[in-house]
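Peer 1: Okay, here's what each chain looks like letter by letter:
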Amino acid sequence: MTSNAGSPLDTFPKLVRANADRLPRHVAIREKDLGIWQSYTWRDYFDRSRRIALGLASLGFARGDKTAIIGDNRPELYWATLATQALGGVPVPLYQDSIEKELTYIVEHAEARWAVAEDQEQVDKLLRVREQCPRLEFIVYADTRGMRAYSEPGLLSLTELEERGEKFALGHPTHVEDELGKGGREDTAVFCYTSGTTGAPKGAMLSYRNLIEMARIAAGREGLGPADEALAYLPMAWVGDHMLSYAQAIVAGFTINCPESADTVLHDLKEIGPTYFFAPPRIWENLLTSVMIRIEDAAWPKRRLTRLFLELAQEGERRRLAGQPLPLLTRLLAPLGYLLVYGPLRDNLGMRRIRIAYTAGEALGPEIFVFFRALGINVKQLYGMTEASVFVAVQKNGEVRLDTVGPPMPEVEIKISEAGEVLFRSPGVFQGYFKNPEATRQTLEDGWIHSGDAGFLDQAGHLKIIDRAKDLGRLLDGTVFAPKYLENKLKFSPFVKEAVALGPGRPYVTMLVNIDLAAVGNWAERRGIAYTSYTDLSQKPEVYDLIQGEVTRVNRSLALEDEVLRGAQIRKFLILHKELDPDDEEITRTRKVRRGYIAQKYAALIEALYGDRDRVSVEAQVTYEDGRKGTIRADVTIRELSTR
Amino acid sequence: MTATAGSAPLLQVDDISVRFGALLALNRVSLSVPRGEIAAIIGPNGAGKTTLLNCISGFYQPSEGRIAFAGRDRTRLSPPDVAALGIARTFQNVALFRGMSVLDNIMTGRILKMRGNFLLDALWWGPARRQELAHRAFVERIIDFLEIQAIRKSPAGLLPYGLQKRVELARALAAEPQLLLLDEPMAGMNVEEKEDMCRFILDVNSEFGTTIALIEHDMGVVMDICDHVVVLDYGRKIADGTPEHVRKDQAVLDAYLGVAHHD
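Residue numbers (this note's numbering), protein chains in the order written: chain A, 1 to 644; chain B, 1 to 263.
Treat the hints loosely; a few may be bogus.
Okay, derived cross-link-like pairs now, DMTMM-like style, lysine to aspartate or glutamate, Cα gap no bigger than 25 Å in a straight line [what the hints assert, rightly or not]: (1) B:Lys194 x A:Glu619; (2) A:Lys32 x B:Glu132; (3) B:Lys153 x A:Asp297; (4) A:Lys540 x A:Glu579; (5) A:Lys32 x B:Asp196; (6) A:Lys101 x B:Glu192; (7) A:Lys270 x B:Glu140; (8) B:Lys153 x A:Asp263; (9) B:Lys194 x A:Asp263; (10) A:Lys601 x A:Asp583; (11) A:Lys101 x B:Asp196; (12) A:Lys578 x A:Glu619; (13) B:Lys153 x A:Glu296; (14) A:Lys497 x A:Asp471; (15) A:Lys270 x B:Asp218; (16) A:Lys270 x B:Asp104; (17) A:Lys32 x B:Asp203; (18) B:Lys194 x A:Glu100; (19) B:Lys153 x B:Asp196; (20) B:Lys153 x A:Glu31; (21) B:Lys113 x A:Asp33; (22) A:Lys32 x B:Asp104; (23) A:Lys484 x A:Asp581.
Simulated from the structure, these hints should not be mistaken for laboratory data.
Sequences and hints are given; from them, build the entire structure.
Peer 2: Here's what the structure looks like:
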């Protein structure tokens, strides 16, 4: 792809100009406005951005100026991003739901002189921000609604800005083209502020080379081209949207679609039927819930039929993911299932045309993952980071597995540090954090990024993320031990509700297990095992055998798959005589185990796990629903396993 | 204020009385609402607020007094005539077509603006088609304005109460009224819904220049968004002025604010 006066296509403005020449009539952005999808071609994309750039130039935009961009996904905001880049400036997309304090910090830190906002709501916030950040001079807004009474200096509408630009163009007809020619691949293209769960947000600087090369690598791997359609609905400030709806769309030339409003995303998804879709786990969960509710509401023949085929498909998908052959009946029924259930359901979700769908962020629950894949939707786990221009590892088509994030992307190198942390190096490795060399030094070492995640590469070369690196522990002899990883593996069993792994600083790994009363109770009833209470059930030898089977499964899979964690097999376990309960402060309301508290409360049990007794009696305080306190007394059995 | 043409109030009510049998529901009430203002009518239950609104919108004929709208007398007009003059209203209890979609409900607000031709409408051809598209475009602007895009196609009857109220407001706005009468627009709403509704009322007022008269029980809302408050008690007007003025008025405190009347 070379054209346009021999200048290399090494910045987004140059690429968009090339798209405008190459694909002048191809739709670049669609936006649903007043109930109708409005289309803008690549030619429009470049022309509008150019007009905005002229307007900015007429007000004295200097190279290196920063433009804060804030609002829902709107074509105007993508154009403002491009306009800023065309003039050698740096766009700083901000989260539209940020509170004033966060905005003030970032606008101040990024030294933004300009801001382009979607509407009155964002302008109001920016005006208050400006009182504390005098460097912010101009605020441009796209939607004029409610703005009539505003007369603050430096505040103007996008239309006014473009009109100014038109006049400016009379005296400077080639201004944008001149500025555009000055940009180069190593210039900073964007500041992506990471939301930062701890401490202040950090502004990752990504260069044109970072973004364009990674966009090209990923688009090449997935075969993305101008015919693809994507929905631009994730926050513009998130690097995922910047990569997909901006960088990749420009590099591959595909169409992005901006929903009418945040509430209409699911409707708009259905109307557009994207081929390329990116969603965090929360969205997949919501979609699944909405499907389940609609199935529940259906008449019984439909409900029965749907359930039957969905179960069939999910069972089939589980086998496929595990690499087992499909039973003949499943294969024979698949076309009928597609005709009656999977096809219509996909259509209803707006996913009939999806070729590639990513999930990223936290891990997607295996049942949800299997559900969508069973419908024939190619959902894949993506492992990425802002600092890597998103892509680090992605599962390959046809090689998807439940427990890995797939092999590294082409041109991405991954290695595991001594401490078990995942390090990587790629063309997408960022330039550093803006005005924060200290944080840059901590993350970027000799071109390698420290991800902060603990993981390893399995035999097939797939990256497996096991935990946050800082949560990783070591046994007394130095063996690496990942508590959450072990717990999740065990909790994969329907009989295990909660599990707490112990081990750091100890000679071996042990586990406190909570059985799932419903599942184990049901299991016991079917086997004619009588029990009186949770405590009674939990201490039945048969139940211990059942859980021992599950623990053995975890140990076996550790021994088979996980080179790093092979030494950290579970030696002993016990089943707790009471359920871990937020009322007793053992877990949080969001069901996160409070390790410190448990270590203290069950100190006697834990000592016994590292002693040589096989039985220990305990008393535990419980808080009843009505607030009364009581004690449960029980003899708890300890089981020891042979480890291989 | 002298009644010159330029400063004439949009709505002028002079000395109207309404009698239901022996009950004097309104007793010689006068008020004037200047163009572009948000006015509130408040008062305890049974004070005659809705009766007053019903007189303005033509549901009731006052037994005495006169009502002038935009400088013209219109005391004896029927509701359709009143609507044609440019007065729209919403109701205390939501009155939507429950089985119809939100979009269709709002479209009904445009009926007075439609010039029907039975044959052309049936064929949806020529001017009939152009007309419908223009009305639809107008309705879409209101949908956008009130941020109800997501429920455009939902049956109105299935919506939560707060949204139904918003749809009702949308339908009233579709008539492009000069005067909008809102009967307890925030009754039964939670705090967030109330805040949204307040913002929409203020936006309608500033964006379309619509004059608004509303009945409301939530004193916080009234004090926040209204330019002018009229207080009724037992069918009689006991105060009329700015929110600050009314708040301090002893008669109002006695009749309404001071006594235990939490609604």
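Peer 1: Take the hints in turn and mark each one as holding or not.
Peer 2: Going down the list of hints, with the structure as the test:
1. B:Lys194 x A:Glu619: 52 Å, violated
2. A:Lys32 x B:Glu132: Satisfied, since the Cα-Cα distance of roughly 20 Å is no more than 25 Å.
3. B:Lys153 x A:Asp297: Judged against 25 Å, a Cα distance of about 19 Å means the pair holds.
4. A:Lys540 x A:Glu579: Distance of about 16 Å is within 25 Å: holds.
5. A:Lys32 x B:Asp196: 23 Å, holds
6. A:Lys101 x B:Glu192: 22 Å, holds
7. A:Lys270 x B:Glu140: 20 Å, holds
8. B:Lys153 x A:Asp263: 13 Å, holds
9. B:Lys194 x A:Asp263: 19 Å, holds
10. A:Lys601 x A:Asp583: 14 Å, holds
11. A:Lys101 x B:Asp196: 23 Å, holds
12. A:Lys578 x A:Glu619: 10 Å, holds
13. B:Lys153 x A:Glu296: With a Cα-Cα distance of about 22 Å, the restraint between B:Lys153 and A:Glu296 holds, given a limit of 25 Å.
14. A:Lys497 x A:Asp471: 21 Å, holds
15. A:Lys270 x B:Asp218: 41 Å, violated
16. A:Lys270 x B:Asp104: 22 Å, holds
17. A:Lys32 x B:Asp203: Within the cut-off at roughly 23 Å; holds.
18. B:Lys194 x A:Glu100: 23 Å, holds
19. B:Lys153 x B:Asp196: Roughly 21 Å separates the two Cα atoms, so the pair holds.
20. B:Lys153 x A:Glu31: 19 Å, holds
21. B:Lys113 x A:Asp33: 24 Å, holds
22. A:Lys32 x B:Asp104: Given pair A:Lys32, B:Asp104 holds - Cα atoms ~20 Å apart, limit 25 Å.
23. A:Lys484 x A:Asp581: Holds: A:Lys484 and A:Asp581 sit about 19 Å apart, inside 25 Å.
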